[in-house]
Amino acid sequence: MIKFTLNGKTIETDAPATVRLLDFIREEQLLIGTKEGCGEGECGACSVFVNNLLQNSCLIPIGSIEGADVVTIEGIMESEQFKNLDESYSHAGGVQCGYCIPGMVMASAALLSQNPHPSEAEIREGISGNLCRCTGYNMIVDAINLAAKKGDGLWQKK
Amino acid sequence: MNLKDISTSVPRKDHKGKVSGQLPYISDVKVENMVYGVLFRSPIAYGKIKSIQLPDLPEGYEAVGAEHIPGPNYVKIIKEDQPIFANEWVNYIGEPILMLVGENLDVLYRLLDEVKIEFEEHQAIYTLEEAIKQKSAPGVNMANYEFGESLDTITSIELKAHQIIEEEYDTGYQEHVYLEPQGMLAIYKEDEIVVQGSMQCLYYIKNALVNALDCGDDDVRVVQSPTGGGFGGKEEFPSMMACHVAVAAKAVKKSVMLVFDRSEDMVVTTKRHPAKLKYRTAIDREGNILSMCIEIFLDGGANVGLSSVVLQRALLNSAGVYKIPHFHAKGYVLKTNTVPNGAFRGFGAPQSFAGIESHIGHLSKLANNDPLEYKRKYLVKQGDPTITKGNFRDPILMEDMIEVLLKSSNYKKKKQKYHQLNQQNQRYKKGIGTSLFLHGCGFTGSGERDHIKAKVKLAKSKDDQVSLKISNSDMGQGILTTLSKIVAKELDLPLENVLYPYPDTKEVPDSGPTVASRTTMIVGKLLERAAKKLKAQWQTGVEQEVTEDYVHREMIPWNEKTFTGDAYPAYSWGVNIVEVEVDTLTGNIKLEKVFANYEVGKVIDDRVMKGQIDGGLAQGLAYGYLEKMTSKEGKIQQKSITDYGPPTSLDVVSIQSKVFDNPYADGPYGAKGAGELTLIGGAPAVQAAIEDALQIPFQQIPITPEVIIESLYVREGEQG
Amino acid sequence: MAEKIIAYRFDCLDQTLSQLNKENCAIIAGGTDVMVMYKSRRGVPPKIPKPIVFIDHLSELKKVYQNQKDLHIGACCTYSELLGNPLIPIVLKKAIKTIAAPAIRNRGTLGGNVCNASPAGDTLPLLYVYNAKLLLRSVKGDRIVPISDFIQGVRRIQRESNEILVEIILPSVLDDGAHVIFEKVGNRNADAIAKVGFAGYIRLNGDGIEDVRFAFGAVGPTMIRSVAIEKMLLGRTVPLTDSDIAQVVAAFDKIIKPIDDQRSTALYRKTVALNLLRYFLSMKQYQPT
Ligand SMILES: Cc1cc2nc3c(=O)[nH]c(=O)nc-3n(C[C@H](O)[C@H](O)[C@H](O)COP(=O)(O)OP(=O)(O)OC[C@H]3O[C@@H](n4cnc5c(N)ncnc54)[C@H](O)[C@@H]3O)c2cc1C
Ligand code: FES
Ligand code: FES
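Going down the list, the protein sequences come from chains A, B and C.
Using my numbering, read the first sequence as starting at 1 and increasing by one per residue.
Using my numbering, read the second sequence as starting at 159 and increasing by one per residue.
Using my numbering, read the third sequence as starting at 879 and increasing by one per residue.
Here chain A stands alone, though its shape is the one from the complex:
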């Protein structure tokens, strides 16, 4: 039996320990915001937070997250921080096909919570594991920059 929290909800499961967190989220919990782009840690579409840290859920066997706090995009969707990112992405034009975007938003949130006023280089570094094939990244970088500016105070370290 493996026990952890997912978006604040306690999960107890007897799924095999090797099941990928990604599959658990998508297939068992039917949360579709976490996407699969590569299944080997190379694209970031499956990004989630584990204990507040950005991680690739395709590389996590659920047996290893006993007791952990897991948050997917659905878990932050109602937050002020998400709203800030949502508006900034819209304003800066950071979204095209959208497949990378939930992962990108998770990476953006992870970055801003650690570093509320990142430089351009720090932003690029922060999303460097999130592949986007449509945008060439620049408008996403602009979006994060804007979120940092408009979200003054929101992203202060807790």
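It should be emphasised that the hints constitute simulated quantities derived from the structure, not laboratory data.
Do not rely on the hints blindly, as some may be mistaken.
[Said to hold, decoys possible] Taking beta-carbon pairs under 10 Å as the criterion, some of the chain A residues facing chain C (in silico):
no., residue
1, Pro16
2, Gly63
3, Gly67
4, Val71
[What the hints assert, rightly or not] Facing chain C, a subset of chain A residues (Cβ under 7 Å, in silico):
no., residue
5, Ile11
6, Thr18
7, Glu66
8, Ser128
Built from N, CA and C at the ideal position, the CB exists for glycine as well.
Fit chains B and C with the ligands to the known structure of chain A by using the hints.
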């Protein structure tokens, strides 16, 4: 909607669902009674299937193959050479032979391993080089065209010329790496099969299904799912997947889902054609061009698919943006026993532009001229003939665009400065380079009139909402927003009152595929006209419908046989300037600055346009130096994203771009095509910048660090 | 048809060790190598052929501390944890920053990089020039092995099946005054696997070379290091003469034998490895890092 200028950006209509991840892509969909399909693929490059031995299939698991196809066993594209399930010959590693379907993927993968197929292997052709050598062997030449000045005339010019310059130029594969892997679902119903998935061309798929299922028009329906990137990779390829799932669904009477793993996607789906381009140019004493002959060879892969059309575009762009005296070109698509190549943003043009920009750049050296100055001497002007005896009838703003870019990039000063710096810095060398390019908008020649015959519909509901009924896909490029915006502005409706549901062939007429930079210009124009018509007959609170059909503007008629006439109704234009720094110890290239000017008639939405510029350029630049895919004995070597190497956020830099207005009469608000154009100038500008930094000419893209180190090594050897 | 998966996750190291003593298990730390190595196709869990033991939560494996001048790094420290730790040498941090991208660095561990023993492991060239020692523990006790003995080939290590790597020890690193550099050559600027890695280490006494070490990654089955070649330079003064440099480069030219693969060519790897070496040797001055 009351925008003073159509270009003013509006929020994307699909933003909410995408930013929250709640918009379901095909792999997010589950339907009742759904099973998965997995494909057994040929492990050999060329041979005959002798026998197929299936493992014992547990209950609920079935095998589906050629014998289950109600219609003929080929994917309807252009020629009938692509089997749905190969059952006699296999022509490449990865070619689908049969599908296993069942509920559990784990079980399916295990069963796949137990399928045993005996082959009689035959000698395969693995490389374009080999195919060129065997060009006249039966079946190798899949398509060819030739046009231009007579060879007799050219020979007599060459005889009198000061020098004949011959160059050979090679371009590599490019993989789309749309972030959403290919996926297709066939929903089984008693009286119809609904095929839903990630796609660009609904009616291509529909036609392929009607053919494969040998059924009536109403027995199949194709619905686009939100599509996570296409770039041409979801142009013709999904037709095959659609046939797979539909045939399987019919056979097992269940809904069948087929979604690729990334590595499967990288290995078996279509790619940009590797090409060889040969240039033979006669010049006079001053380095002026007297004549030019070009030969283009495209590696078609195992079946022709759309390759002949790709070759046409490659040839039509073979002279770049230049008016070359006495020009002659011919080209071939050759068969190799490798994964079939197909559509990719630019569609043959990127290869040609890389080649011609490189060649003209090298000629400029012989003329002792700055490459850009030399290129400007030959730049086409309004009224000039095209290489196919068509006409550049609209104004061309290239001179202005170049001037503005030279100023904003400070090109001349920088070029000098870098040459000085490079004297001092042994390790790092800086360079700056340019590219000039165009893109013919829409289908080649009379394609729109003869093949596509686009039709659009606008449907107004009682509550005065207007729906776009067209078969075009938003795959990220933004037409959901831009096309809605055209209609909203025309009808003076709020954008929310204009709807553009994901298209379903049951609901929408065939407005053509979402390809060839045609959607905004052609479909957008039809929508604009339809909206005008609707406005004229608008009755509040009443359901109304209007349709519009494509009208061909007759110019110089296109003749595919002689390859003459106006190949395109209009052209979009671009200039790029790129700065790089090359590490001579490692050959690594750092992009430093990118400047880009474009002319696309009229921008329909500034933000969407910038997205096309930044995304297209990232792909185009990477095509020139970063992304490398190779095939060895018929096997793709780079099976993961990392091994292939598309750019990350740390590999691109911000791009200073500007778009010039030059409204085109037959485009909505003057708009022409923009989606492919932005990719084309990237690679040649990167090459020019690298050459400027190292003062070494290159004859290929991508110019990887491996290529650079080898060239430096050779140069060192030459200098002793 | 789901098979039974056996997996352990104990609260402390001792229990983990005693289980390992009973049963040959697959150890998973961050899992960033294991999950890829045993990956199945889409939708199916990886197929790991042994019972699994998770160790990345064990606090005994997450300590970083100084013991005299030696630095002890817990095997299960993630890269992100090390980046945030002031004891970790700057150049090692620089190497860590070249690894993958933030999400992987939040999971991948230093111990995993060592035990995975990939020729492209990015911390390995530096660990080799630091003369890293590995502390291995089993129910039978501890043993300490130099990293160059522990790693024997591509994914081959000298670990008994009942042992866990507990610490990576960098002897004397905290007060050493050496100039140390690291260069990674990959196909792009993030999420890249090394095509060539190079670490150089030089310690001077005045102008004279007191100690010098080089390690090359991704150009052979393991890191390439040669104490014999290094010795040729002891006592020489910097800047080195052209002939000294040429001699060292020629000596490495003989022993570096890379391969062609999907990422690069043998010629490239060798040329670049030697270029980086030559560049390091040609520096006019060296400052303690
Ligand atoms: C997308 C991606 C990018 C990557 N990029 C890089 C890169 O740029 N550079 C690089 O060097 N690596 C890279 N890696 C590889 C990997 O992240 C590193 O090697 C990482 O350090 C492995 O650590 P881990 O804890 O995840 O190892 P695991 O996968 O948990 O383990 C790796 C191996 O070590 C064994 N092991 C782990 N810890 C111990 C221990 N304490 N005692 C005994 N045995 C142990 C395991 O049994 C296994 O055999 C990348 C991986 C991915 C998925
Ligand atoms: S799906 Fe996990 S990183 Fe790509
Ligand atoms: S928006 Fe398409 S991959 Fe990022």
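Evaluation of the provided hints:
no.	hint	in the structure
1	Pro16	4 Å, holds
2	Gly63	4 Å, holds
3	Gly67	8 Å, holds
4	Val71	14 Å, violated
5	Ile11	16 Å, violated
6	Thr18	4 Å, holds
7	Glu66	6 Å, holds
8	Ser128	4 Å, holds
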